[in-house]
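Participant: Taken in order, these protein sequences are the chains called V and G. To convert, take the position in the first sequence, counting from 1, and add 1; that gives this note's numbering. To convert, take the position in the second sequence, counting from 1, and add 61; that gives this note's numbering.
Any given hint might turn out to be false.
Stated by the list, open to error - Output of the computed footprint for chain G on chain V, the stretches with three or more beta carbons under 8 Å from beta carbons of chain G:
1. 160-167
2. 170-179
3. 198-206
As the list claims (entries may be wrong) - If you anchor each label on the Cβ, the simulated ranges turn out as follows:
4. V:L227 x G:K174: 28 to 34 Å
5. V:E123 x G:P110: 38 to 44 Å
6. V:G213 x G:G142: 52 to 58 Å
To be clear, the hints were calculated from the coordinates, so they are not data collected in a lab. These figures come from a predicted structure and were not determined experimentally. Note that CB positions come from ideal geometry on N, CA and C, so glycine has one too.
Each chain, written out:
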Amino acid sequence: MDKQRRKFLKVAGATALAGISAPAVVKLTSSPAIASSEHGAAADAHGAPADAHKAAAHGAEEAPKGVRLGLLVDMRKFYGKPELLDKAIAACHKVHNVPQIDNRKSEIKWVWKAPFENVFPEHSNSHSSKIRKENDFLIMCNHCDEPPCVRVCPTQATYRLPNGIVAMDFHRCIGCRFCMMGCPYGARSFNWENPRPYIKEYNPDFPSRMRGVVEKCNFCGERIALGKEPACLEAVKESGAIVFGDLNDPGSEIREVLDKENTIQRKPSLGTKPSVFYIV
Amino acid sequence: MYNKRFIIPGLVIFVLFVTFPLWFNAFSTASPVPKPELPPGGEKECVAPASEMRDRHMVLLNEWRDGVLRDGERDVITVGGKQYRKGLQMACMQCHTSKEKFCDTCHDYTSVKPFCWDCHLTPEEAALKKETH
Chain V
2 MDKQRRKFLK VAGATALAGI SAPAVVKLTS SPAIASSEHG AAADAHGAPA DAHKAAAHGA
62 EEAPKGVRLG LLVDMRKFYG KPELLDKAIA ACHKVHNVPQ IDNRKSEIKW VWKAPFENVF
122 PEHSNSHSSK IRKENDFLIM CNHCDEPPCV RVCPTQATYR LPNGIVAMDF HRCIGCRFCM
182 MGCPYGARSF NWENPRPYIK EYNPDFPSRM RGVVEKCNFC GERIALGKEP ACLEAVKESG
242 AIVFGDLNDP GSEIREVLDK ENTIQRKPSL GTKPSVFYIV
Chain G
62 MYNKRFIIPG LVIFVLFVTF PLWFNAFSTA SPVPKPELPP GGEKECVAPA SEMRDRHMVL
122 LNEWRDGVLR DGERDVITVG GKQYRKGLQM ACMQCHTSKE KFCDTCHDYT SVKPFCWDCH
182 LTPEEAALKK ETH
């Protein structure tokens, strides 16, 4: 009995020792030769990409691919003309069957207007000009590059399309309103009641919404698909106050204006990268 | 067999009782098979054969919805030389101009309550508040 136990412990100890040291032995005996040759080759192969990487990092922004739709509001053309703002808002709301509810809690807005300090809290300062104090500014969904609403939506009812539009599938919306909490621009409205009675005229090409659904500006995705321009732009077309186009195309009209003029975005510090720009 | 007099009539009564829904419906006129109204405009062709539409129209509508809203598949559909945009309001209801006489007939019969019309406008509803200019 005693003899057997002794034997067993010896064998077990030797096995454990061999098991523990085996990887180290394998590494010491076989890898150095292979590793050294591999290292040299790898270093050579890595040389070029590393340089390329450095270059890309230095080039500030990599040239973005695909389409990213954006909109520019030239507020200089809206100053002193509140009726022009109302025209743009009315056109959008008519095209999209947006109800007109005169109640701060229940109101639905896709495009609306607000004072400067509400629209651009990061840009407001004391002793601002008379023009800023007296005029309202046109605001809508910013169709952010990093949309917080999309991140928080539990049902993927809101999502970012490849062309940069932050779109909504009303069929999937469960009305949890996380997106309204997530949106730093207040661009989303909730249907607290059936919106139908508050719609003055129906656009038969677009649905209405139902109670319990969130809605917002869709950058006129359905009109762009037909080759039309956004409804707000079309309404104020002759003034040239709104420019729409592909932000990734250096030759587009919007890029020309952006390259030439001094523009600002809403709440840039949040890092949402809005697609809506302002000249103020 | 013992009690033949009771067992056989009893069995007959039992079978008749169990199959009551079948023969009652066969002879009654209480729930006739629905006859949805064919397009009043006289269109004979749909986006798919009638039998397939009968079975799968809800699947097709879901595919259209996902295609249009998410995958950018907003291409038009040509049926019988006419072009339609994908969508309940923009394709289906162009020919089947009455939700009440078309959709509802079968949905009521089968007690199906789809919620399409909570948001989508029936031709009747759309005409109620038509654009005035």
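Participant: All the hints need checking, so say for each whether the structure fits it.
Facilitator: Here's how the hints hold up against the structure:
no.: 1; hint: 160-167; result: holds (count 4)
no.: 2; hint: 170-179; result: holds (count 3)
no.: 3; hint: 198-206; result: holds (count 7)
no.: 4; hint: V:L227 x G:K174: 28 to 34 Å; result: 33 Å, holds
no.: 5; hint: V:E123 x G:P110: 38 to 44 Å; result: 60 Å, violated
no.: 6; hint: V:G213 x G:G142: 52 to 58 Å; result: 41 Å, violated
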